[in-house]
Amino acid sequence: MKNFKYIFLGLILFAVQWAEAQNAKGKTGTFALTNASLVTVTNGTIANGTLIIADGKISALGTDVTIPEGAEVIDCTGLSVYPGMIEGGSRLGLVEVGSDARTRDYNEIGDVIPQMKALTAINPNSVLIPVTRISGVTTALTVPDGSLFPGTAALVNLHGYTPDQMYAGFEAVVLSFPSTGKRGRWDSRSEEDIKKDAEKALKQLNDAWEKAVAYYQIDSAIRAKNSKENMEYYPEMENLLPVVRGEKTLLVEVNAANDIKAAIEWVADKDVKVVFSGVSEGWRVAEELAEAKIPVIAGPVLNIPNREYDRYDRSYANPGIMHKAGVKVAIKTADAENVRNLPYNAGFAATYGMGKEEALKAITIVPAEIFGVADKLGSLEKGKIANVFVTDGDPFETKTQVRHLFIQGWKIPMESRQTKLYDEFLEREPGLKK
Amino acid sequence: MKKYTTIVLLLLFSLVAQAQQKGTVLIKNGTVLTITNGTLEATDVLIKDGIISKIGKGLNAPKGARTIDATGMYVMPGIIDAHSHIALDAVNEATSPVTAEVWTGDAINPMDVSIYRALAGGVTISHALHGSANAIGGESETIKHRYGTVDPDVLRMKEAPRTIKFALGENPTRVHGGGSGIVPRTRMGVEAVFRSSFSEAREYMKKWDDYNVNKNKKGFKGTAPQYDLRLETLADILRGEIIVHCHSYRADEIYMLMQVFKDFGIKKLVFQHVNEGFKVAPELAEFGAMASVFSDWWAYKFEVYYSTAYNATILHKNGVVTSINSDSGELIRHLYHEAAKTQKYGGLSDNDALSMITINPAKQLGIESRVGSIEEGKDGDIAIFKNHPLSIYTIPMMTIVDGVVEFDRENDADDMRIYADPKETIDVTLHETGHAGDRCMQDAEFLFHE
Amino acid sequence: MTGLKLVFMRRALLILFLGLSYLTSDGQSNEMAPVTRTYAIKNARIIQAPGRVIDEGVLIIKNGIITAVGKNIDIPAGARIIQADSLYVYAGFIDGLSHTGVPKPREEDLSKKVKDPGNPPNDIAGIEPQKDVRNMLDPSDKSVDEMRRLGFAVSHAVPHGRMLPGQGAIILHAGETPDAMVYKQQVSLFSQLSGAPGIYPNTVIGVMAKYRGLYRQAEQAKAYNARYIQSAAGMERPVSDRILEAFYPVIDKQLPVVFKAEDVLSIQRVLDLKSQLGFNLILADVKQGWDISEKIKNSGAKLFLSLDLPEMEEKKSETDTTRAEDKKEEVRSDSDLEKQRLQARKDAMIKKYYQQPALLHSQGMIFGFSTLEAKSKDIRANLSKLVENGLSEDAALAALTTSPAQLLGLSATMGTLDNGKIANLVITDKSYFDKESKVKYVFVDGKMFEYKDEPKPKKNGDAVKVAGKWTYNTETPQGVHTGDIIINGEEDDYSGTISSTVSGDTNDLSDISVDGDQLSFSFTVVIDGNAVLIDVLVTVDEDTFEGTMTAGDYGSYPIEGERTPEK
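Protein chains in written order, with UniProt numbering: chain A, 1 to 434; chain B, 1 to 450; chain C, 1 to 567.
Note that these hints are calculated values from the structure, not bench results.
Hints are supplied without guarantee of correctness; some may be wrong.
[Claimed, not checked] Pair ranges (Cβ atoms, derived):
#1 A:Pro-413 x B:Asp-350: 51 to 59 Å
#2 B:Lys-63 x C:Tyr-248: 32 to 40 Å
#3 C:Pro-121 x A:Ser-190: 32 to 40 Å
#4 B:Lys-262 x A:Glu-427: 19 to 27 Å
#5 B:Glu-286 x A:Lys-117: 39 to 47 Å
#6 B:Thr-36 x C:Tyr-248: 50 to 58 Å
#7 B:Asp-350 x C:Pro-121: 52 to 60 Å
[Stated by the list, open to error] Selected chain A positions facing chain B (Cβ under 8 Å, derived; list incomplete):
#8 Leu-148
#9 Glu-337
#10 Asn-338
#11 Tyr-344
#12 Glu-429
#13 Leu-432
Note that the coordinates shown come from a computational prediction; the quantities given were computed from them, not determined experimentally.
Don't be surprised by glycine CBs; every beta carbon is placed ideally from N, CA and C.
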C-alpha cells in the first residue's frame with residue numbers, strides 16, 4: 001500500500017513538472033553585442049566595444065570589429081558584457097526539492113565510491129537551472145557529497161539537454177577529508193573520541209589510497225610490458241587511478257583549520273593535482289595554504305563563522321585573507337537552488353577585503369584555471385566559448401539586472417519559473433472578484 | 001596583539017551590565033534615511049536618554065554626550081527582523097499540535113552570540129518566535145538587542161504587544177500526523193485543529209462569563225471551569241489581544257486561515273514565509289493580513305517548490321504590508337542585502353526596499369509607534385552604514401540601541417561571548433557542516449520518523 | 001518498580017549469603033550492637049561552630065545526643081573514650097540537596113507507551129509531586145557511605161526524576177531502615193526545569209507553562225475545596241487529585257519548593273516562576289550565580305551552591321615550561337596566540353566558579369552547599385579549591401553546618417556542637433580544609449564510624465574487569481533507550497552482544513577493548529535503511545559505567561550502565 005502511495009505521489013510530481021517545465025527555446029546563430037562596455041577580466045575593460053558570437057565561440061571583440069553579415073545586432077549602449085560566472089561547487093542538478101529524498105541524488109551509499117558520477121545524474125531539465133543561469137551564472141561544478149570518496153564531480157554549462165551538451169570539460173574525484181571537528185550541536189563526543197574517530201577515518205583513507213597506489217603500480221607494470229593482461233574489474237580503483245597518476249584533480253572538501261593542516265600534510269608526499277574546497281577556516285592557516293601552493297574554492301561566503309568566539313565577519317573576509325596571503329582563491333555558494341547568489345557571495349568577499357577585481361576573477365578566470373579550462377572559459381577572449389552575460393550595471397550590485405545571456409553561443413531566454421510566476425501574478429486575473 | 005588582549009580582558013569585566021541602559025548620543029552630518037520622511041542629507045540625529053529627541057542641522061551635543069561623526073555615512077533606523085529564533089534556548093514544544101500556553105519568553109538566552117552578530121548587521125530588534133512544529137505554537141517575544149547582559153528581562157521589549165506562532169502545511173502534518181499518528185496529518189486536519197481549538201476556547205470563555213456573573217450571587221453553589229492556560233491564551237486571541245504570526249507556504253492554506261479567522265472574528269494576522277502569498281495577494285490585502293517573507297528561499301521542501309523571489313514585490317504592489325525576515329542566524333546578519341533583492345526582483349524603490357526591514361516589520365510586531373523609522377520621539381535605535389545600505393559594498397559600521405552603542409566595527413573585539421564555556425576543549429575545532437539553515441524546526445527533529 | 005524490588009531482594013540475599021564479613025568492611029557500622037552508646041572525645045580541638053573553638057576540650061555523647069562539651073568535664077565511667085589529641089572535631093556536615101540514599105531507578109523508555117505525546121500520563125511525563133522520598137530510601141545505598149566518609153551526617157534527600165520528582169526529606173546518614181534514617185519528612189517539593197524526552201512537557205518552555213498551569217489549577221482546586229468544606233450540600237463534589245493536592249502546602253507557604261537551578265539562565269527562570277506564583281523557594285545546586293547575586297538576594301530565595309565545579313587543567317609540568325621558555329625567542333603563530341587567549345578566557349571563567357562562594361559571602365549572602373550533581377570523590381578537593389579562592393575556613397564551615405541548618409530549619413538540633421544537639425560529628429587529623437587532612441571518625445546520630453587509612457587507589461593502568469552482563473540506558477532526543485550488554489571472554493579476546501528494548505534487536509559487538517578503566521566497543525544498527533556504526537566509549541567504575549555513545553552523523557549521547565549481579 002505504502003509503495004503504491006509513493007508511486008502515485010511520484011506520478012503527480014512528474015505530471016506537474018511536465019506541465020510546467022517547458023522553457024522557451026534558446027536561439028543559436030551569430031550575434032553582435034555593440035556599444036558595450038566589455039569587461040574581459042583578463043585584459044581590462046574595453047569601452048564602447050563590440051563582441052561577436054559565432055559558432056558558439058567569441059569570434060571577435062574590440063572597438064574595431066566588423067559585424068559579420070547576417071549577425072543579429074544587440075545594441076548594448078549603457079550595458080556591460082561579462083564572461084559567465086562559474087560556481088565552484090554546488091549540488092545543482094543533483095537535487096530538486098531538498099527535503100524530499102526521492103529528489104536527492106548527490107549522496108550514494110558507500111565510503112569509497114569515486115565511480116559515482118555527477119555528470120550522468122545531473123537533471124538537465126531541473127527547474128533550478130534556468131533560475132540560476134538568468135542571474136549570469138553560466139557554468140557550475142556539481143559535486144556529490146558523503147563520506148571519504150563520495151564520487152566524481154563535473155563541470156557543466158547550464159544549458160543543454162544531455163550530459164554531453166552540458167559538459168564543460170572538467171571532472172574531479174571528491175574527497176571529504178576526515179574531520180576532527182564536531183559534527184554539530186548534538187555532538188557531545190569527548191576530545192579523545194573525536195580524535196579516535198578522525199584517526200579511524202584517516203586510516204580508512206590511507207588504506208584506500210594505498211590500494212589505489214598498488215593498483216596503479218600493477219597497471220603501470222602491465223602497460224610497460226605491453227602485456228595483454230587485464231586488470232580485474234574494480235571500479236573504485238579504476239576511478240582513483242587517474243588521480244594517482246596525477247591526471248585527474250582531487251577535490252578535497254575540508255574546512256576546519258586543523259583538518260586543512262592535516263590535508264596539506266596528507267597531500268604533501270603525493271604527486272597529485274589537488275584543490276581544496278569549502279576551506280571555511282582558511283583564514284586561520286592562510287600562510288600554510290599559500291606555501292603549499294594549493295588552490296582553494298572558498299564558500300559559502302555568506303555563512304556564520306565556525307566558532308562562537310570567531311569575529312563575526314570571518315566568513316566574509318576569508319577569501320580576501322587567503323588571497324592576500326598568496327592563495328589562489330575561487331568562490332562557491334555550495335548551494336543548489338540559490339546558486340544564483342554567487343555574485344553576492346563574491347560581492348561580500350569583495351567588500352570585506354578581497355576587492356572588486358579579484359572577487360570577479362574568483363568567479364570567472366580563477367575557477368577556470370583551477371579546473372584547467374582557462375583556454376575555453378573564464379574571460380572575454382577571442383576563441384573562448386561564448387558564455388556571456390550582459391548587465392545594466394555592476395554584476396555584484398544587488399539591484400543590477402541581467403539583460404542578455406549566452407551559453408555556448410546560444411542566446412538563452414531570460415526566463416525561469418520564477419519570472420513566469422511574476423508575470424502571471426503581479427496583476428492576477430481574475431483579481432478579487434470572480 | 002597585546003592591545004587586543006587588554007581589550008578582551010576589559011570586556012570580560014565590563015560586559016555584564018545588569019540594568020537596561022539608555023544612552024545619549026549625537027550622530028553628526030550623516031545621510032539620514034528616515035523611511036517615513038524621505039532622505040535628509042548632511043543631517044544630525046540627537047538621541048537623548050534613549051529617545052530620538054531632535055533631527056536637524058547643526059545640533060549640539062549635550063554635555064558629556066558622545067558625538068559620532070557620520071560624514072559620508074548612511075544613518076538608518078535599526079533593522080527589525082520579524083522572524084527569528086536567535087537568543088532562544090528552546091524553539092519548539094513539538095509534542096502537541098496545540099501549545100498556546102508555552103512562551104518563548106521563558107527561553108530567552110541573552111548570551112547567544114548570534115545577538116551580537118545580528119547587531120553587526122544593523123539589526124536592533126528581532127521577533128523570537130516559537131517554531132513551526134505545531135498548528136498552534138507558543139507565544140513569542142519581541143526582543144531588543146541589548147547585548148552584554150545575563151538578564152533575559154533586559155532584552156524584552158516591554159512595549160511590544162503579545163504575539164503567537166501558528167503553522168500550516170508540512171511541518172505540523174509531518175510532526176504530529178506523520179510522527180505521532182495524531183491529527184493533523186493533512187491540511188484538512190490543520191484547519192480542523194484551528195476550528196476545534198477556537199470553538200473550545202469560546203466555550204471556555206462562556207463558562208467563565210457565566211461563572212463570573214453568578215459567583216457573587218447569594219447561595220451560589222456552582223464551580224468555576226478548570227483554569228486552563230492553553231485556553232486562556234486562545235481566548236486572548238479571540239479577544240484580539242494577541243497578534244497571530246502564522247508559518248505558511250501554500251496559497252490554499254493561507255486562504256483557509258483567513259476564512260477561519262473571519263469566522264471567529266480574529267483580525268490581527270501576519271503570515272510568515274508565505275511563499276505563495278503572491279498567488280492570493282488581493283485576498284491578503286483585503287483581509288488586512290500582513291506578510292513577512294524570505295527574499296529568495298525556495299525548493300528546500302516541496303511546498304516551496306512553486307515559489308518566486310518576486311513574492312515580496314507582488315505582495316507589496318498589491319497593497320500588502322510586507323517585510324523581509326531571516327529565520328536564520330546567518331541571514332539576520334545581512335537583512336539589508338536581503339531587502340535589496342526586492343530591487344533585483346521587481347525593481348522596488350530604495351525607500352520601499354528599506355521599509356521591508358524597518359517600518360513594515362515594526363507594523364507587523366505592533367511596535368511602529370516606537371521604532372522602524374527615524375522620527376523625533378521614537379526609540380534611539382539606529383544603524384550606521386558605510387555606503388548605501390542597499391549596495392553590496394555597504395558595511396554596517398555602528399549599531400545603536402536606545403542610544404547605547406552596541407556594535408562598533410572599529411572598536412570591537414573578536415571574541416564576543418559573554419560567558420566562556422568552562423568545558424570547552426581548546427584544541428577541538430568546531431565545524432558545522434552544511435548550511436546554517438533555518439531553526440524553525442529546532443527541537444522537533446526527533447519527531448520525524450520518516 | 002518490580003525491577004527495583006528485585007534488585008533490593010538480590011542485595012538482601014547477597015548480604016545473607018556473605019554474612020557479616022560484608023558488613024564489617026571499613027567504615028561500616030558494626031552489625032553487632034555497640035558496647036555502649038556513651039562516648040567521650042578527649043583532648044580534641046573542638047570547633048563548636050565557626051569561630052567558636054575549644055582547645056583540648058572534651059565532648060560527651062549519650063544516647064545520640066551531645067550532653068556536654070567544654071574543658072574540665074567529667075568523663076562518665078561507662079563511656080568509650082576516644083583519645084583525640086591533636087584531632088579536630090566539627091559538627092557533622094549538612095548537604096543542602098542530593099539524592100543520597102536514593103538509588104537511581106532504572107530508566108525505562110515509557111514514552112513509547114504513550115499514544116498521544118501531547119497528553120501523556122503524569123508519571124511518564126515526570127509529574128509526580130505526590131511521591132515521598134521516604135519510600136525510595138535504601139540505607140545500604142553506597143551514596144550514604146560515600147557522603148558519610150566525607151563528613152556529611154545529614155542530607156536533604158530528594159527523589160530522582162524530571163520536572164516534579166516528589167517531596168524531599170531530611171535524612172541522617174545512619175540507620176538500618178528508611179524510617180530510622182528520616183529526621184524530618186516532607187520538607188520540600190522538589191522541582192526541576194527538565195522536560196520528558198519525546199513527550200509533553202519536553203522543553204524548558206513546556207515545563208514552565210506546565211508548572212504555571214498546575215499551580216494555578218491547584219490554587220483553584222484548593223479554594224473550591226475550602227468552599228466545599230464550609231457548605232458541601234448542593235455543591236459538586238471536588239474530585240481528589242493527588243498531583244494538585246501536593247501543591248496545597250506550597251500554596252499555604254508551609255512547604256518550600258526546592259528547585260534545581262544550575263546555570264545563570266535557569267536560576268532566573270526559576271526566580272520568574274517564584275515571583276509569578278509566589279511560593280517559598282530554595283534555589284539549589286546553583287553554579288552560576290555570581291552575576292545575579294543581587295537578584296537572588298532580592299527574591300528572598302534560600303540558596304545552596306553546587307559542589308560540582310568545572311576542572312581547571314593542571315598547569316604544565318616544569319619541563320614543559322622550560323621548553324616553552326626556550327621557544328619564546330621564536331615568533332609565536334597566530335593560532336598559538338589564539339589558543340592562549342582562549343585558554344585564558346576559559347580559566348577566567350572557571351575561576352568565577354571557584355570564587356563564587358567567597359564573592360557571595362562578601363556580599364553578606366547566606367548559603368549552604370548541595371551535591372546533587374557533584375561526584376563524591378571530587379567534593380573534598382572542590383571544598384579546598386573554594387577555600388584557596390578566598391572563602392575563609394569559617395565561612396566554608398558555616399556553609400557546611402550552621403547555614404544549611406538555618407536554611408533548612410534544623411538549627412535547634414543540628415549545625416553546631418552544643419549541648420542537646422544530635423551527635424553528628426566529623427573528626428579529622430588536621431583542619432578539614434587542609435588538603436592533607438584525613439577524616440578519622442564520623443558520628444551520625446550518636447553512632448560511631450571509624451575510618452582507617454583510605455583504601456589504596458587502583459593500580460594505574462590495570463584493566464578493569466568488564467566480562468559479564470550489564471544493563472545500560474542512554475537518553476537521545478528520540479527517548480530513553482535501555483537494554484543489556486553482555487561481554488564474554490578475557491582480555492584481548494572479548495566478544496559480546498548488545499540488545500535494545502526499543503527495537504527488540506540484539507547486535508554483535510566489535511572492537512571491544514579495555515584500556516585501564518576505559519571500555520570501548522562498536523556495533524552496527526540500521527537507521528533509515530542505512531547501516532550506522534555506533535561507537536561506545538565508557539569509563540568503568542567497578543559495577544557502573546558512564547560515557548558516550550556516538551552514532552555517526554546522528555550525534556553523541558551520554559550512556560550509563562550497571563553490572564547485573566550474577567546469580
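Against the structure, the hints come out as follows:
1. One distance hint, 51 to 59 Å for the beta-carbon pair Pro-413 of chain A and Asp-350 of chain B, is violated here, with the actual separation near 30 Å.
2. For Lys-63 of chain B paired with Tyr-248 of chain C, a C-beta distance near 59 Å fails the hint of 32 to 40 Å.
3. Here the CB-CB span from Pro-121 of chain C to Ser-190 of chain A is close to 36 Å, well matched to the stated 32 to 40 Å.
4. Lys-262 of chain B and Glu-427 of chain A have their C-beta atoms about 25 Å apart, which keeps the hinted 19 to 27 Å range intact.
5. A hinted range of 39 to 47 Å for the beta carbons of Glu-286 of chain B and Lys-117 of chain A is inconsistent with their spacing of about 52 Å.
6. At about 56 Å, the CB distance of Thr-36 of chain B to Tyr-248 of chain C agrees with the hint of 50 to 58 Å.
7. Distance hint check for Asp-350 of chain B and Pro-121 of chain C: the Cβ-Cβ separation is about 59 Å, which falls inside the suggested range of 52 to 60 Å.
8. The closest approach between the C-beta of Leu-148 of chain A and any C-beta of chain B is roughly 14 Å, which is over the 8 Å cut-off, so the hint fails.
9. With a least beta-carbon distance of about 4 Å to chain B, the hint placing Glu-337 of chain A at the interface is held under the 8 Å criterion.
10. For Asn-338 of chain A, the interface hint holds, since its Cβ comes within 8 Å of a Cβ in chain B; the closest pair sits about 6 Å apart.
11. With its C-beta approaching chain B no nearer than about 6 Å, Tyr-344 of chain A sits inside the 8 Å limit, and its interface hint holds.
12. The beta carbon of Glu-429 of chain A is not positioned within 8 Å of any beta carbon in chain B (closest approach about 10 Å), and the interface hint is therefore violated.
13. Of the supplied interface hints, the one on Leu-432 of chain A holds, with its beta-carbon coming within about 5 Å of a beta-carbon of chain B, less than 8 Å.
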